[in-house]
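2 protein chains.
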Amino acid sequence: MKLFYGPGTCALASHIALQEAGAEFTAIRVDFSRNEQRQPDYLQVNPKGRVPALVTDRGVLTENVAILAFVAQRYPAANLAPLGDPFAFAQVQAFNSYLASTVHVAHAHGRRGYRWADDQSSFDDMKRKLPETMGACFDLVERAMFKGPWVMGEAYTICDPYLFTIAEWLEGDGVDPARFPKVHDHRTRMYERAAVKRALATEGRG
Amino acid sequence: MKLFYGPGTCALASHIALQEAGAEFTAIRVDFSRNEQRQPDYLQVNPKGRVPALVTDRGVLTENVAILAFVAQRYPAANLAPLGDPFAFAQVQAFNSYLASTVHVAHAHGRRGYRWADDQSSFDDMKRKLPETMGACFDLVERAMFKGPWVMGEAYTICDPYLFTIAEWLEGDGVDPARFPKVHDHRTRMYERAAVKRALATEGRG
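Chains as they are written, first to last, in my numbering: chain E, -8 to 197; chain F, -8 to 197.
Hint data in this document are derived by calculation from the structure and do not stem from the laboratory.
Mixed in with the good hints there might be a few duds.
If chains are identical, the list can't say which one is meant, so a pair holds when it fits in one copy or spans any two.
Below are the DMTMM-like pairs computed for lysine to aspartate or glutamate, each with C-alpha atoms no more than 20 Å apart in a straight line [unchecked claim]:
id	residue 1	residue 2
1	Lys120	Asp164
2	Lys120	Glu15
3	Lys138	Asp32
4	Lys39	Glu162
5	Lys(-7)	Glu15
6	Lys188	Asp176
7	Lys120	Asp110
8	Lys120	Asp109
9	Lys173	Asp110
10	Lys39	Glu123
11	Lys(-7)	Glu183
12	Lys39	Asp130
13	Lys188	Glu15
Note that this is a predicted model, so its numbers are computed, not measured.
Model the full structure from these sequences, guided by the hints.
See below:
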């Protein structure tokens, strides 16, 4: 398999999960500074022009929520999700879907406001509001969603690399991570995991 | 089970899926015109203050992507997803995650710009751009994602009610649905399904 990623992007979540699963794959860097994600070669892989994209022998998968569930189901021995329990599995998917459709989206307004507006004044407005929106998201995660010690409780799941990936953006978004002690402690423990170290090293952050 | 929904919201996707599955549930209307989704009673059900929320005997599930997968897994006889095939299941989840985190998000900028900005000029800017962003999303669905006759091909899945639900917003977002013949034909065929008729009737649109 091949995982297309950009350093500092949300693709890190899928990258870590593949490492946790012991999957055989090659990580291929997409250079966002040269806009490679919008070039014809990459658009043939993923017409959305986004990362992550996971190339398998069956075809290409996109979207972290889907790739993470795929890794958990494809490598059941890694115990990355409660596969035999539809309710518990849905809780995992609900957490990850919240990260994808609310938290990541809030973050994107800091730098990619052009997706939804045209005027510089709108981009400035969005950027000003970013600490408030990201802070509100992580307040909800800390207060109402995070079970501890891992996101879903005693068992490490595909929620953990995704939360870690997005929590790493807090400082850059003007939010003090110390406001969220459980999430902050989680992040510290994630750095100690071998799979996280391998993924970060591959992405040039070792 | 109880499904909390608001008429005209994305909760219709989960509502239709529950009808398709033959699930026993009660649909409970949340009155957005009275801001009920932000009142303490509802925030106890879903601290996010959003719909859908599905109350089960195990607890509450939120997020369409998760509820739809739950319905498919909990009612396997309804054949609403390729449950035994991790790759095919991930394709279903990828499609639904795109709807949740890109298409629904694009739509939300038309009326709920206050989530990401503060100034009226930004809201006006977002609203102006809405036909372009929603049009681009549906162009990609039509051109690169929709297999036909159903979203995933020959088999009706949990992708179909979700696409139908969001495609119903096109006119209101200033996009001519006739630009997307496959999606438009899909929507016409969806209206003919008994489960869709029942869900729409329950929501007062029968």
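The hints, checked one at a time:
| no. | hint | result |
| --- | --- | --- |
| 1 | Lys120 - Asp164 | within (10 Å within a copy, 25 Å between copies) |
| 2 | Lys120 - Glu15 | neither (41 Å within a copy, 43 Å between copies) |
| 3 | Lys138 - Asp32 | neither (42 Å within a copy, 23 Å between copies) |
| 4 | Lys39 - Glu162 | neither (28 Å within a copy, 24 Å between copies) |
| 5 | Lys(-7) - Glu15 | within (9 Å within a copy, 43 Å between copies) |
| 6 | Lys188 - Asp176 | within (17 Å within a copy, 49 Å between copies) |
| 7 | Lys120 - Asp110 | both (16 Å within a copy, 10 Å between copies) |
| 8 | Lys120 - Asp109 | both (17 Å within a copy, 7 Å between copies) |
| 9 | Lys173 - Asp110 | neither (38 Å within a copy, 34 Å between copies) |
| 10 | Lys39 - Glu123 | between (29 Å within a copy, 15 Å between copies) |
| 11 | Lys(-7) - Glu183 | neither (25 Å within a copy, 42 Å between copies) |
| 12 | Lys39 - Asp130 | between (31 Å within a copy, 11 Å between copies) |
| 13 | Lys188 - Glu15 | within (17 Å within a copy, 47 Å between copies) |
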